[in-house]
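Top line first, the protein sequences correspond to chains A and B.
Just so you know, the numbering used here puts 236 at position 235 of the first sequence, and the rest follows in order with no gaps.
Just so you know, the numbering used here puts 275 at position 274 of the second sequence, and the rest follows in order with no gaps.
It is worth saying that the hints were derived from the structure and are not from the lab.
Because the structure is a prediction, the values reported are computed rather than measured.
Keep in mind that a hint or two might mislead.
[Unchecked claim] Pairs of lysine-lysine, BS3-like flavour, derived with a Cα cap of 27 Å:
| no. | chain 1 | residue 1 | chain 2 | residue 2 |
| --- | --- | --- | --- | --- |
| 1 | A | Lys-73 | A | Lys-53 |
| 2 | B | Lys-244 | A | Lys-3 |
| 3 | B | Lys-113 | B | Lys-142 |
| 4 | B | Lys-81 | B | Lys-142 |
| 5 | B | Lys-114 | A | Lys-342 |
| 6 | B | Lys-114 | B | Lys-142 |
| 7 | A | Lys-3 | B | Lys-142 |
| 8 | A | Lys-53 | A | Lys-3 |
| 9 | A | Lys-97 | A | Lys-73 |
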Amino acid sequence: MKDSLRRIWAMLVKEFHQLRRDPVTFGLVVAMPLIQLSLFGFAINNDPRHLKAAIESNDSSVYTRTIQAALKNSSYFDLVPVTRPGEGEEMLRQGKVQFLIIIPPNFSRDLVRGDQPQLLVLADATDPASTGNATAAVEQSVLSGLRHDLIGPMMARAPPASPVDVVIQRRYNPEGITSHNIVPGLLAIVLSMTMVTMTSISVARERERGTMENLLATPLRPMEVMAGKILPFVAIGVLQTIIILGVALIVFGVPFQGPAWALAIGTLVFVTVSLLLGFTLSTFAESQMQAMQMSFFYILPSILLSGFAFPFAGMPSWAQWLGECLPVTHFLRVVRGVMLKGWGFGDTLTQVGVLIAMGVALAFLAAHRYGDTLE
Amino acid sequence: MSEAPAISVSGITKCFGGRTVVDHVSMDIGQGRISGFLGPNGSGKTTTLRMICGLLIPDEGEGTVLGLDLATCRAEIKQKVGYMTQRFGLFEDLTIRENLNFFADAHGLSDKKRRVTAALEQLGLATRSHQLAGTLSGGWKQRLALAACTLHEPRILLLDEPTAGVDPLARREFWDEIHRLAGEGVTVLVSTHYMDEAERCHDIAYIAYGVLRARGTAQEIIRDSGLVALTGEGPGADRLAPKLEKRPGVAMAAAFGTTVHVCGEEMGALREAVNEIAPEIRWHETEPTLEDIFIHLMRQSPDNSVEVAA
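Start from the sequences and build out the full structure, keeping to the hints where you can.
Dropping the structure here:
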């Protein structure tokens with residue numbers, strides 16, 4: 002046991018010195034989370050507002066003005082008036098506007114008569130996500146805007162009260178702020194990218210540089226090499242976590258509802274699993290190039306299928322199964338759960354348990370694959 | 002040799018992808034002996050060394066290293082054997098001292114600081130111990146690698162072409178060090194392509210394309226080779242080699258400076274051949290060199306390192 006610790010120490014010191022002499026890599030470790038956070042944290046918005054909408058008004062009255070004002074006040078639309086017929090369609094086709102709203106002739110007259118005039122809203126649904134929320138907002142804002150004008154004798158035209166009062170509470174992120182969802186998710190993504198890529202390269206590098214033969218010729222056991230290579234990166238993972246959480250709380254104002262220690266445990270488990278995964282990948286790679294390609298092969302599904310970028314529940318069940326196999330999926334639930342939903346340690350247990358099981362399986366696979374011979 | 006051999010392997014065989022790289026090699030190496038391991042490129046020298054130090058598991062055959070079984074005691078063997086790889090295998094981005102510290106820790110050596118410092122002083126690198134290993138010249142790298150693999154005072158040293166690309170002075174010093182270690186009882190198996198190094202070994206093993214072709218001291222190998230040789234001196238002697246080589250009875254001919262060296266399996270036929278081609282040259286009998294014998298053995302062995310299309 003004492004000998005084994007000494008051998009792990011030998012690896013640790015070696016890895017530390019090598020990392021220390023590679024300032025570019027170390028710089029990336031610190032810079033990457035910051036760059037990704039500022040890019041994605043600020044850039045991604047699932048609830049886009051101030052979308053350009055062309056408005057072709059063929060009628061002018063207090064009602065049409067109210068409708069325009071209501072649309073503007075919803076903050077979803079910036080209105081662009083259309084000056085000649087057909088211009089609106091052209092603008093929509095060319096992508097200059099995302100919406101075209103047409104108020105037909107005699108709109109106000111028909112409204113007063115109770116003929117239920119039509120208000121046509123054309124949306125560019127090429128990208129459904131970008132226009133979805135705004136489309137939903139149109140009817141609501143038109144109706145609530147008009148309600149103020151439909152008074153006195155016009156009361157009869159006002160929309161009737163709904164038979165059911167539907168109460169909607171948006172829990173955990175009431176304002177629907179995208180960054181509150183994206184920024185904690187980025188913790189999972191940045192950690193997987195760094196941890197998986199760096200460890201997967203590290204074993205391949207020993208092989209490429211010809212130092213593997215020497216490592217194998219020493220009494221170092223596979224598990225000891227693994228421990229020595231993984232532990233320094235745990236420290237790096239902790240550093241990245243501190244950076245990301247710091248920025249999340251201070252710059253993005255992401256709430257932190259649950260206990261910090263529950264997240265700390267989840268993070269440590271996830272970091273270890275990611276490192277083991279990287280180590281396992283590297284035992285399959287013959288060169289650093291191959292190791293890089295393998296880790297990219299892992300990173301992409303981690304972003305797309307884990308529930309980071311797209312709704313997990315929206316995927317077909319086979320894709321959800323794939324997603325369940327990715328460690329990121331489970332860690333995402335832990336981060337979002339603890340930070341936004343106030344999960345305690347007990348709530349994270351299922352996800353952390355899955356992660357631990359993955360880690361144990363990977364450790365055995367990696368140790369088996371690494372072996373103590375050159376074969 | 003009364004005591005048990007330090008290394009004893011019998012019938013060890015290794016195949017890679019259907020190609021037999023080492024084919025039933027058996028040999029004993031006595032304690033404190035320096036054995037030279039010779040053979041053409043790709044003949045299985047490195048594979049044999051790797052099997053002896055536990056880096057590869059033989060497909061067939063068995064062996065013991067310091068009485069430890071090759072099949073079951075690889076971890077113990079690794080602690081008692083020092084293996085120097087053909088390619089510089091230390092960490093180039095670590096300093097000289099950091100490299101030695103790593104090996105001291107990996108072997109769990111007590112007294113690390115003293116041992117490392119002693120090794121640095123013996124190397125003559127005490128003042129440069131903070132230099133990165135990657136910035137050393139070829140000769141220094143070699144010496145550092147030797148220091149690293151002898152730090153744990155192994156009883157057996159396996160050196161894979163340790164002096165390739167190293168200048169003569171560094172080579173001489175390297176060999177002095179090997180003889181010093183052998184004097185302390187360390188058993189050395191060293192692969193090389195240099196004939197002068199082969200002659201500095203106590204005995205020689207010659208392997209060609211996986212098969213052990215000759216084993217013994219230099220004198221024994223020369224005696225048992227069955228080759229005879231002539232050296233010719235005279236005007237234009239050095240230009241005769243290509244012509245001589247085509248004659249029956251001449252196994253090979255090569256120019257050495259202004260002289261020509263021929264050898265064959267039978268003296269009568271050899272004399273007849275040279276007198277026919279160059280009667281004006283003065284010929285005298287010499288002993289065949291190790292190089293003659295090895296080249297002769299190599300030409301007789303089928304080269305299986307290149308796959309022949311079926």
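Status of each hint after checking the structure:
Between Lys-73(A) and Lys-53(A) the alpha-carbon distance is near 10 Å, which keeps this suggested pair within the 27 Å criterion. Taking the CA atoms of Lys-244(B) and Lys-3(A), the gap is near 69 Å; set against the 27 Å cutoff, the hint is violated. Among the hinted pairs, Lys-113(B) with Lys-142(B) is consistent with the structure: their alpha-carbon atoms are about 21 Å apart, no more than 27 Å. With a C-alpha separation of about 23 Å, the suggested pairing of Lys-81(B) with Lys-142(B) holds against the 27 Å cut-off.
For a cut-off of 27 Å, the pair hint linking Lys-114(B) to Lys-342(A) is broken: about 54 Å separates their Cα positions. Restraint check for Lys-114(B) and Lys-142(B): satisfied, since their Cα atoms lie roughly 21 Å apart, inside the 27 Å limit. Our distance criterion of 27 Å between C-alpha atoms is broken by Lys-3(A) and Lys-142(B), whose separation comes to about 31 Å. Taking the CA atoms of Lys-53(A) and Lys-3(A), the gap is near 69 Å; set against the 27 Å cutoff, the hint is violated.
Taking the CA atoms of Lys-97(A) and Lys-73(A), the gap is near 18 Å; set against the 27 Å cutoff, the hint holds.
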